[in-house]
Amino acid sequence: MAVVIAAARFWRQSRILGQAALLLLRRPGARGLAISHPHGQQEQFSSLDDKPQFPGASAEFIDKLEFIQPNVISGIPIYRVMDRQGQIINPSEDPHLPKEKVLKFYKSMTLLNTMDRILYESQRQGRISFYMTNYGEEGTHVGSAAALDNTDLVFGQYREAGVLMYRDYPLELFMAQCYGNISDLGKGRQMPVHYGCKERHFVTISSPLATQIPQAVGAAYAAKRANANRVVICYFGEGAASEGDAHAGFNFAATLECPIIFFCRNNGYAISTPTSEQYRGDGIAARGPGYGILSIRVDGNDVFAVYNATKEARRRAVAENQPFLIEAMTYRIGHHSTSDDSSAYRSVDEVNYWDKQDHPISRLRHYLLSRGWWDEEQEKAWRKQSRKKVMEAFEQAERKPKPNPNLLFSDVYQEMPSQLRKQQESLARHLQTYGEHYPLEHFDK
Amino acid sequence: MAAVASAARWLFSLRAAGAERHWRRLCGAGLARGFLHPTVTGEDAAQRRQVAHFTFQPDPEPREYGQTQKMNLFQSITSALDNSLAKDPTAVIFGEDVAFGGVFRCTVGLRDKYGKDRVFNTPLCEQGIVGFGIGIAVTGATAIAEIQFADYIFPAFDQIVNEAAKYRYRSGDLFNCGSLTIRSPWGCVGHGALYHSQSPEAFFAHCPGIKVVIPRSPFQAKGLLLSCIEDKNPCIFFEPKILYRAAVEQVPVESYNIPLSQAEVIQEGSDVTLVAWGTQVHVIREVASMAKEKLGVSCEIIDLRTIIPWDVDTVCKSKESIL
Numbered sequence: 001m002a003v004v005i006a007a008a009r010f011w012r013q014s015r016i017l018g019q020a021a022l023l024l025l026r027r028p029g030a031r032g033l034a035i036s037h038p039h040g041q042q043e044q045f046s047s048l049d050d051k052p053q054f055p056g057a058s059a060e061f062i063d064k065l066e067f068i069q070p071n072v073i074s075g076i077p078i079y080r081v082m083d084r085q086g087q088i089i090n091p092s093e094d095p096h097l098p099k100e101k102v103l104k105f106y107k108s109m110t111l112l113n114t115m116d117r118i119l120y121e122s123q124r125q126g127r128i129s130f131y132m133t134n135y136g137e138e139g140t141h142v143g144s145a146a147a148l149d150n151t152d153l154v155f156g157q158y159r160e161a162g163v164l165m166y167r168d169y170p171l172e173l174f175m176a177q178c179y180g181n182i183s184d185l186g187k188g189r190q191m192p193v194h195y196g197c198k199e200r201h202f203v204t205i206s207s208p209l210a211t212q213i214p215q216a217v218g219a220a221y222a223a224k225r226a227n228a229n230r231v232v233i234c235y236f237g238e239g240a241a242s243e244g245d246a247h248a249g250f251n252f253a254a255t256l257e258c259p260i261i262f263f264c265r266n267n268g269y270a271i272s273t274p275t276s277e278q279y280r281g282d283g284i285a286a287r288g289p290g291y292g293i294l295s296i297r298v299d300g301n302d303v304f305a306v307y308n309a310t311k312e313a314r315r316r317a318v319a320e321n322q323p324f325l326i327e328a329m330t331y332r333i334g335h336h337s338t339s340d341d342s343s344a345y346r347s348v349d350e351v352n353y354w355d356k357q358d359h360p361i362s363r364l365r366h367y368l369l370s371r372g373w374w375d376e377e378q379e380k381a382w383r384k385q386s387r388k389k390v391m392e393a394f395e396q397a398e399r400k401p402k403p404n405p406n407l408l409f410s411d412v413y414q415e416m417p418s419q420l421r422k423q424q425e426s427l428a429r430h431l432q433t434y435g436e437h438y439p440l441e442h443f444d445k
Numbered sequence: 001m002a003a004v005a006s007a008a009r010w011l012f013s014l015r016a017a018g019a020e021r022h023w024r025r026l027c028g029a030g031l032a033r034g035f036l037h038p039t040v041t042g043e044d045a046a047q048r049r050q051v052a053h054f055t056f057q058p059d060p061e062p063r064e065y066g067q068t069q070k071m072n073l074f075q076s077i078t079s080a081l082d083n084s085l086a087k088d089p090t091a092v093i094f095g096e097d098v099a100f101g102g103v104f105r106c107t108v109g110l111r112d113k114y115g116k117d118r119v120f121n122t123p124l125c126e127q128g129i130v131g132f133g134i135g136i137a138v139t140g141a142t143a144i145a146e147i148q149f150a151d152y153i154f155p156a157f158d159q160i161v162n163e164a165a166k167y168r169y170r171s172g173d174l175f176n177c178g179s180l181t182i183r184s185p186w187g188c189v190g191h192g193a194l195y196h197s198q199s200p201e202a203f204f205a206h207c208p209g210i211k212v213v214i215p216r217s218p219f220q221a222k223g224l225l226l227s228c229i230e231d232k233n234p235c236i237f238f239e240p241k242i243l244y245r246a247a248v249e250q251v252p253v254e255s256y257n258i259p260l261s262q263a264e265v266i267q268e269g270s271d272v273t274l275v276a277w278g279t280q281v282h283v284i285r286e287v288a289s290m291a292k293e294k295l296g297v298s299c300e301i302i303d304l305r306t307i308i309p310w311d312v313d314t315v316c317k318s319k320e321s322i323l
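Going line by line, the protein sequences match chains A and B. Numbering (UniProt numbering) for the first sequence: 1 to 445. Numbering (UniProt numbering) for the second sequence: 1 to 323.
Simulated from the structure, these hints should not be mistaken for lab results. Since the model is a prediction, treat every value here as computed from it, not as a measurement. Note that CB positions come from ideal geometry on N, CA and C, so glycine has one too. Do not rely on the hints blindly, as some may be mistaken.
As the list claims (entries may be wrong) - Looking from chain A toward chain B, a few residues come up when the C-beta cut is under 7 Å (computed):
# : residue
1 : Gly196
2 : Arg200
3 : Pro208
4 : Ala219
5 : Ala248
6 : Thr255
7 : Pro289
8 : Gly292
9 : Gln414
To be verified - Within a straight-line C-alpha distance of at most 20 Å, the following computed PhoX-like cross-link-like pairs (lysine-lysine) qualify:
#  : chain 1 : residue 1 : chain 2 : residue 2
10 : A       : Lys107    : A       : Lys445
11 : B       : Lys87     : A       : Lys198
12 : A       : Lys422    : B       : Lys317
13 : A       : Lys388    : A       : Lys104
14 : B       : Lys232    : B       : Lys87
15 : A       : Lys107    : A       : Lys389
Just need the whole structure built from these sequences, with the hints factored in.
Printed below as a string of structure tokens:
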């Protein structure tokens, strides 16, 4: 009785406890809890006592005080298809991909690796200003890209060049962006590795981390409205997952029912910050259920596991209009970037372990060898050929001029406002008088 | 008396819109006077809020856009949004509490008319609202995001300045979010204090890539908002909340556009130029007539309307004509 009176007061209904107040308390909520009791008040009270009525959670009562223990000792298990020697563990999980497709996986990963080596070196030699390698994470890129349709929209962070590589982005354009030359589709405005390609549905990379996450969700919502049968995939690292934008993105995707795959590359480090300093819970996969998102953890160095998980996530995301979270466990073998020397915060032994014992390229090569789809001859030939292709593109990119300085001012708005036009004209006049002090010979006229 | 006093105290604890409604009924204040001006004197005056006064000056009824209807500011916003959703099937409206009509009633009726996939609530997260809106716009669909108060736009500052503003430039025009418009209630209302009164346009005024627009009246608001929505650049549209109900004008029912980046000389003068936007245009009109009366000074008044990119030429021409 006292409970009901207190409840009625709280709801600011009439001061007199009437049937009206009681009916309001009994109103069936979203959980459909009201059970009709045509008899006296006692039965009505007991049905209220048994079931919680809160709109905020669908749960039973418990009378034992117990905090839920986060499980970080035995976390969400890691799905894999191949062992570290490239042998299929459970044949029913083998995607049975045709030879050409698996060879494309291998060639994409190795070509990326070759390009990384050459461009890293070119930065060391002062030819480009900056570079980020993808060493050790090639499997996450290629396995996931292969499981998507070519028109699925990709939002990346900065370490997903293999997705573009798999979609046949030409070496010439990778190089053009890194060199900032006239062939760069981005018009030479951004730092190296900030690729973008409209034709291949790869949204241009931006430096601020995790900003792409809520954007990807919006794009997925629009795709849903357009009945496009398209999924959006959004890549980010375990470090970026700490950003507020990541939380925002997950929550929006779940509440607004968006066909999106969140793909987290957990590579163990955010520059120098190890995961033990990035989070205290069970990685990123464990956060998914907190948002109501179906989640899985996979071995990111197992290209078939990545492929299978992404394929299934894609199928269901589009069919059911809901988000999926894939946490791909991997290891960043390279430094964060050319501005980083990771020996300052991790041991060379640790890096060597991953390079030698658990590398996505090696594991796939073992698989190919055991299937008889590859051999040492082809390996040697391919290494030579891929290196040659990269060197050719590299030399060409180096020789091209930079974009015209006029391009400093366009595309700020769709139309150029008069203030910017005046600045553009002012620069042109300045260069006419003082052009000798500028390296104009390297720029497009 | 005690009952009236205690009733008044209870009323002050309600939220702005509700308090205002009750207040009017108690005082019988007319709409035309502006809701802030106290109308009751005597012993009750001590109980009333003492706030500054201005009078909204409606513009003459526009003739060139067809049939007009008496609308206040929030109704003119609803009308603009209605027109937009009617002619652009990709357009969607989202933000906190927009589904039931919005805390300032700007989106009343739109969800019923256009469906829950087009007018919907988002979780309470401004950085998410703007980021989500950018993503919609990247696909080419029209995104109309609401930030509940301009005071809360700051969590979205990174998405606006680092992302929306730079999307086209940094991608070499491969991608853009031009079909994004962010609307937000703006400016002082008398009792909003630190966090329901802010005018943050200055934080955005030097961010190339976005447009910031602030209307002075219902007729201006509808035309400017429609221009923002149709503009191919991300726009922020601040709505002076104090005018939501206080400003009433004849506003065309159909769609029409008022150009962006064009200031309006609303009164010509020869001695000094006064530049204002939003609510302050009406305050400065009063200042101009006081200056004329008391100082014999002839003021030219310019409503800037678009803060960035702003109409340098009109303002400079005004200075030249004075010098």
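Item checked: Non-conforming hints, listed in increasing numerical order -> Checked against the structure, the hints that fail are numbers 2, 7, 8, 10, 11, while the rest are satisfied.
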